[in-house]
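Take the working numbering: the last position of the sequence shown gets the number 502, and nothing is skipped along the way.
Source of the hints: derived by calculation from the structure; they are not laboratory data.
For clarity, every value in this text was computed on a predicted model and none was experimentally measured.
Treat the hints with care, since some could be wrong.
[To be verified] Each computed DSBU-like pair below joins lysine-lysine, with the alpha-carbon atoms no more than 35 Å apart:
| hint | residue 1 | residue 2 |
| --- | --- | --- |
| 1 | Lys114 | Lys438 |
| 2 | Lys224 | Lys114 |
| 3 | Lys453 | Lys260 |
| 4 | Lys418 | Lys349 |
| 5 | Lys494 | Lys438 |
| 6 | Lys260 | Lys349 |
| 7 | Lys438 | Lys349 |
| 8 | Lys52 | Lys361 |
| 9 | Lys453 | Lys349 |
| 10 | Lys418 | Lys438 |
| 11 | Lys438 | Lys52 |
| 12 | Lys361 | Lys114 |
| 13 | Lys418 | Lys453 |
| 14 | Lys238 | Lys453 |
| 15 | Lys224 | Lys238 |
| 16 | Lys453 | Lys494 |
| 17 | Lys494 | Lys238 |
| 18 | Lys260 | Lys114 |
| 19 | Lys224 | Lys453 |
| 20 | Lys349 | Lys361 |
| 21 | Lys361 | Lys438 |
| 22 | Lys418 | Lys52 |
| 23 | Lys260 | Lys238 |
| 24 | Lys349 | Lys52 |
| 25 | Lys361 | Lys494 |
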Amino acid sequence: MLFALSSALVLAAAVVVYRVRLHPLRAIPGPWYAAASSLFLWTTCYLGIEGRVMRRLHEKHATAVLRVGPNSVSVSDSGAMHEIYVAGGGFPKDDRYRNFNLGPVETIFSTLDGAYRDRRAKAVAPLFSPAQIRAESGPRGSVGRHVDSFVAQLAELRRARVRTDLLDLCAKLSIDVVSDYLLGLPYGGLTEHAHLSLPDRQTREGKLSANEFVHAIVGFARFSLLPNSLFKLTYAVSQRLSHSVKVDESLARIGSFINSVMARVTDKNNTDNNSNNNTNKTAGSRTHLYPDRLLAVGVSLPETAAQSKAILFAGADSTAVALATTLFHLARNTSARTRLLHEIRAAAAAAAAGSNKQPDLVFLRACVKEGLRMCMANPVRLTRVVPRAADLHVDGLRIPPGTTVGCAAYVMHHDPEVFPHPFSFKPERWLDDGSSAGLRRPAMEKSLMPFGHGLRACLGKNLAMHQLHQAVAAVIDAEILDGARTVQDEIEVVEWFNGDIKGHSVDIEW
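Turn these sequences into a full structure, and let the hints guide you.
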């Protein structure tokens, strides 16, 4: 027994010595304990502090290349992002993403197989063209009508002076836009509690029924850096220990909704097949929605249902957080709000006067960009693996093939050399007309990564950006935030793979 224990200690010591002194990454700066064991990285991930810890260590070691694990590196050089994420399709994803599969189904986001992803992503890509999204922006469109309902509800809450959770209302808007536009059926977030009084809609019973599902998906990412076999075991144990009836009810509601979507799709396909009278017609209106397009390229019904559930989460959660964050900061910034209102009204006046010129809402774009910088939908590293054929050099240091590398939005978005006053909402920094108050820096655009980079960037970024611009403009034009006061002084983010706002609420009152 003593011999076995001694042998184990000697072996462990040998592993530590190898990793710290002899490993190919030994020249990369970083704390020795991170090089010695993955426990450091796993712990920061679990606690939701990975982003801020990486930022502090980059500053402490004065390096753009930081060793954060035995075979893992954090990069804070915006010049390296092109090689890691863009050039030649970018480096391949690492095994961590297997932990984001929906059971046996690899999603478009989680799959490591490029051909598998490309077949599905190319099928649905036309849905995300800017022209098609703009066509749905009017009062009857699948984007515009939900934005109008969102603004009307927010205005009603203002008139009644009801303390309001912006995050929840933004989540209701986002899930309705994503579900209606992509799946052809609105989830009903903005209408499911219409029977309740305004104050009751702000209670737990009045919150979006999908919230518990979303929080559960976001929360399991605390284990996402674990090897897949250990992840499955840890997650299963965690689920047993923290079982919640509310989560079960939310999952059932999501499942019922997806079943309704798929029933409509199959009914429509059967109708189309009968009306075609066995002709060879394979295109047409039935292929214009997300599930239709997947089915059209041979994806099975069960997988299509899972992919639809995945896009419902991916599209709704991050956009809601970004919109709530932007409105939160605009509520606290009277000068920005006034400038933005003037820009929006001037554009509306020009349009009313018959101008055919597309309005250039530069300050609106600046406010949305700044909101995206601060919200950090994915605050931690978007990890990749240096391929065998690559020769990656960053900041004068070579990162060998097989190394897990990644840039973190928390680090990139809070670099004071690129973003002066990095923790302050200053949309003027994005202006290039001389009114940036000295805040504009050359590397800002390259350092901003709200949707990832390259071919594996977020599929729905055009839809998200359009919703953000339209919703922010509508809220400001209605002057709803005038007289509003934020209940909290700042938004605190739990830094899991998807940023999770502490307390799951962003409250304002008038």
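Taking the hints in turn, this is what the structure says about them:
no.	hint	result
1	Lys114 x Lys438	26 Å, holds
2	Lys224 x Lys114	31 Å, holds
3	Lys453 x Lys260	28 Å, holds
4	Lys418 x Lys349	28 Å, holds
5	Lys494 x Lys438	29 Å, holds
6	Lys260 x Lys349	41 Å, violated
7	Lys438 x Lys349	29 Å, holds
8	Lys52 x Lys361	28 Å, holds
9	Lys453 x Lys349	25 Å, holds
10	Lys418 x Lys438	18 Å, holds
11	Lys438 x Lys52	23 Å, holds
12	Lys361 x Lys114	27 Å, holds
13	Lys418 x Lys453	22 Å, holds
14	Lys238 x Lys453	30 Å, holds
15	Lys224 x Lys238	22 Å, holds
16	Lys453 x Lys494	24 Å, holds
17	Lys494 x Lys238	19 Å, holds
18	Lys260 x Lys114	22 Å, holds
19	Lys224 x Lys453	30 Å, holds
20	Lys349 x Lys361	23 Å, holds
21	Lys361 x Lys438	13 Å, holds
22	Lys418 x Lys52	26 Å, holds
23	Lys260 x Lys238	33 Å, holds
24	Lys349 x Lys52	50 Å, violated
25	Lys361 x Lys494	22 Å, holds
In this structure, the earlier hints numbered 6 and 24 are contradicted, and the remaining ones agree with it.
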